[in-house]
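Between the sequences and the hints, there should be enough to build the whole structure, so can you do that?
Chains A, B and C supply the protein sequences, listed in that same order. So my numbering is basically just the index in the first sequence, starting at one, shifted up by 135. So my numbering is basically just the index in the second sequence, starting at one, shifted up by 240. So my numbering is basically just the index in the third sequence, starting at one, shifted up by 143.
These are calculated hints, taken from the structure and not from any lab test. In this text the structure is predicted, and so the values were computed from the model without any measurement. You may find that some hints are simply not true.
What the hints assert, rightly or not - These stretches of chain B come out as covered by chain C in the derived footprint (C-beta under 8 Å, 3 or more residues):
1) 269-281
2) 299-313
3) 331-338
The C-beta atom is built at its ideal place from N, Cα and C for all residues, glycine as well.
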Amino acid sequence: MKSTLMRAGYKKVSRQMNDVFLQFASKVIFFLIVMFAFNLFFAGHYTPGGGFVGGLLGASAVVLLLIAFDRKTVHKMMPIDYRFMITLGLVFAGVVPTLSFLFGTPFFQHQFTYVEVPILQELSLHTAVLFDIGVFLTVMGACLLIITLVAEEKA
Amino acid sequence: MELITIILAGILMGAAAYLMLSKNLIRIIFGTAIFSHGVHLMFLTMGELKRGAVPVLDENVEAYADPLPQALILTAIVIAFALTAIILVLALRIYKELGTNDIEKMKGDPYAD
Amino acid sequence: MLTNILPLIPIMLPFFMAVIMLLVGKRPVKHRAIAAIGGLILIIVSAYQVFFVYQNGMYVTYIGGWEPPFGITVVIDMVAAILVLTTSIIVFFITVFSFQSIGEPREKYYFYAMVMVMLTGINGAFLTGDIFNMFVFFEVFLLSSYILITLGGEKLQLPEGFKYVLINLVSSNFFVLGLAYLYSVTGTLNMADMQMKIASYEGDTTGLTIVAIVFLLVFATKAGMFPLYSWLPNSYAAPPVPILALFGALLTKVGIYAIARTFSLFFVDNVEFTSTIILVLAVLTIISGCIGALAYLDMKKVIIYNIIIAVGVILVGFAIMDAAGSIGAMYYLIHDMLIKAALFLLIGVIIFRTGETNSERLGGLIKVHPVLGWTFFIAGLSLAGVPPLSGFYGKLFIVESALDNQMFIAAIVVLLSSLVVLYSIMRVFMNVFWGEDMDFDRLKDVKMDKMMFSAISLVVIAVVFGLSADFLYPLFEMAAQSFYDPASYSSYLLEVQ
Numbered sequence: 136m137k138s139t140l141m142r143a144g145y146k147k148v149s150r151q152m153n154d155v156f157l158q159f160a161s162k163v164i165f166f167l168i169v170m171f172a173f174n175l176f177f178a179g180h181y182t183p184g185g186g187f188v189g190g191l192l193g194a195s196a197v198v199l200l201l202i203a204f205d206r207k208t209v210h211k212m213m214p215i216d217y218r219f220m221i222t223l224g225l226v227f228a229g230v231v232p233t234l235s236f237l238f239g240t241p242f243f244q245h246q247f248t249y250v251e252v253p254i255l256q257e258l259s260l261h262t263a264v265l266f267d268i269g270v271f272l273t274v275m276g277a278c279l280l281i282i283t284l285v286a287e288e289k290a
Numbered sequence: 241m242e243l244i245t246i247i248l249a250g251i252l253m254g255a256a257a258y259l260m261l262s263k264n265l266i267r268i269i270f271g272t273a274i275f276s277h278g279v280h281l282m283f284l285t286m287g288e289l290k291r292g293a294v295p296v297l298d299e300n301v302e303a304y305a306d307p308l309p310q311a312l313i314l315t316a317i318v319i320a321f322a323l324t325a326i327i328l329v330l331a332l333r334i335y336k337e338l339g340t341n342d343i344e345k346m347k348g349d350p351y352a353d
Numbered sequence: 144m145l146t147n148i149l150p151l152i153p154i155m156l157p158f159f160m161a162v163i164m165l166l167v168g169k170r171p172v173k174h175r176a177i178a179a180i181g182g183l184i185l186i187i188v189s190a191y192q193v194f195f196v197y198q199n200g201m202y203v204t205y206i207g208g209w210e211p212p213f214g215i216t217v218v219i220d221m222v223a224a225i226l227v228l229t230t231s232i233i234v235f236f237i238t239v240f241s242f243q244s245i246g247e248p249r250e251k252y253y254f255y256a257m258v259m260v261m262l263t264g265i266n267g268a269f270l271t272g273d274i275f276n277m278f279v280f281f282e283v284f285l286l287s288s289y290i291l292i293t294l295g296g297e298k299l300q301l302p303e304g305f306k307y308v309l310i311n312l313v314s315s316n317f318f319v320l321g322l323a324y325l326y327s328v329t330g331t332l333n334m335a336d337m338q339m340k341i342a343s344y345e346g347d348t349t350g351l352t353i354v355a356i357v358f359l360l361v362f363a364t365k366a367g368m369f370p371l372y373s374w375l376p377n378s379y380a381a382p383p384v385p386i387l388a389l390f391g392a393l394l395t396k397v398g399i400y401a402i403a404r405t406f407s408l409f410f411v412d413n414v415e416f417t418s419t420i421i422l423v424l425a426v427l428t429i430i431s432g433c434i435g436a437l438a439y440l441d442m443k444k445v446i447i448y449n450i451i452i453a454v455g456v457i458l459v460g461f462a463i464m465d466a467a468g469s470i471g472a473m474y475y476l477i478h479d480m481l482i483k484a485a486l487f488l489l490i491g492v493i494i495f496r497t498g499e500t501n502s503e504r505l506g507g508l509i510k511v512h513p514v515l516g517w518t519f520f521i522a523g524l525s526l527a528g529v530p531p532l533s534g535f536y537g538k539l540f541i542v543e544s545a546l547d548n549q550m551f552i553a554a555i556v557v558l559l560s561s562l563v564v565l566y567s568i569m570r571v572f573m574n575v576f577w578g579e580d581m582d583f584d585r586l587k588d589v590k591m592d593k594m595m596f597s598a599i600s601l602v603v604i605a606v607v608f609g610l611s612a613d614f615l616y617p618l619f620e621m622a623a624q625s626f627y628d629p630a631s632y633s634s635y636l637l638e639v640q
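Dropping the structure here:
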């Protein structure tokens, strides 16, 4: 925000600008968005949602922080290499469907089982979730990588 | 309903063609984005609008909407998203390297001789 | 079990190699090792696939265990197996070639990883049995080609890359549109199922012809056919030689494969109309390619226009689509992939040695590089189709089938194009290797043993392919059967239903 205004020539304005509201609000809203992103991600198996939407929402949460603070501060808050995030996502998305050969089933066929957990009662576990984690990481990493790359370039 | 969406898709594609024929890089990129929206809308219309319920298994429902076009459009949207990201970064690089975002000023064929 | 894993190796192995390269980080030497080892494994696996298909007929795997026509299938018939083998051979040699020529900065920015992703997309497009999946794989290799064409960010590359991206983006959108029409007409996306439905349908199929034209527009853009090739020469000339060789040898051929596949399986009802259109466009493609090849003295440009000529020749065979025409087109397709890659690598060696792309400014190189010169000569003869080299058999079958079907103009144009090809290549050869000696002090002192190795190996493979054409005939007959007898392609569905 500050840097954008400064580039536009509003040096004085930027010095006087006080975005404490934005900074404080974004710290709170960040967690709300992340929680909603995880909710969408886990809802994805039977209802609308999934890795792609979850990843986009997760990325948007970080983008909100990027708007409120500058890139360095955000990097200090979350020292994650986005390239590594994409790679990890690709590993998940590639390895999980291939592993189904070990079960003697065709490529991409997912396995599931039901587990009894004391408090949560019956829980269904799917390998599809692992694949979706890969999608989530890849989408989020790619979004953030592109946005930070574009933001870094000084026109 | 189908007729309206087809006309809307046509309008979108026309607008996209107009934008893509302009000289400004950013306008061209918006043109490609709008073009893909028009195409996706057309795809949705091809899967027959408003026939049956949501394609989620339910005991009380007899007829379902065709889920396949929706799944395919989702894939196509993801691809269009990636393409838009790449072409935006490319346009930024062009602006940095060549100092212009006017297609006309990028001419120059070094193999012309 | 074996048939389950085997079809997916050509798709998944390059993908995993790319992921491993991303994990390794910016270490070019390790990238090289991974790319070379992976490429070798891929050649072995795909050669075994050809053998397997030859022994047992085509085989199919259902992804996710969903039976066709509902799920995605991976179908390996002879066409796909041969094309995957050729692709992996070419990619292996081009990666070896780029060890010394692409340069450290590009290697650091994941050049090999992008090549591997592109290989994933190309192999996937050849192997998939689902038309929408083919679109997805098209996008996979197009996305990586967008990155490859602009990698390095030289001043020439960026605007040409932008044009390339824009043209392909528009044609990809038309691909989606064509898929929408096709789906609404037939109600299925599985290619075999679609073939059976269309073949057994007895009503009016005019709608399908419109869809055929949309598909022709899309694939003609990717393949570089007559009215839509104008983006190709400039865009291909912009990136460095290894990338140019990859694009020239592989990308246009995927477009041709898609035309052959879709027009043999789906659009068979109005054959007179569709095949006439393709034939006329193919002849015009040959003519315009010839004009370009004669007009330029720039080595890159001459060979790029030769791609356009070859596209036309192959499409003449696929437009006729009878037994001889398909066999000839298959022969010529494989021959052209091999020899185009070889020629690009050969001129790549010359360009890296001299720093010049214009053949007029060179001369007398045969005194310094006799091996390179004679290899180039043999490659040029092979490209023009001098018997017994590899281009001859493809053209023989294509011309034979054109004459059988009373398409004399097409036959004459194909034959005359050979002369133009020979003339354009020999002119480059004489300019570069004979004639007045250039200033040999200007030659750059570069290491070129790996470059020479891969270029000469590809020429040797092309020559061996030409000499063993008779021996390989059963394979190509089997491959061509998928085209002229589309029911054989969709026969696997009968076992399921």
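- request: May I ask which of the numbered hints given earlier this structure violates, with the numbers listed in increasing order?
  value: Of the numbered hints, all hold.
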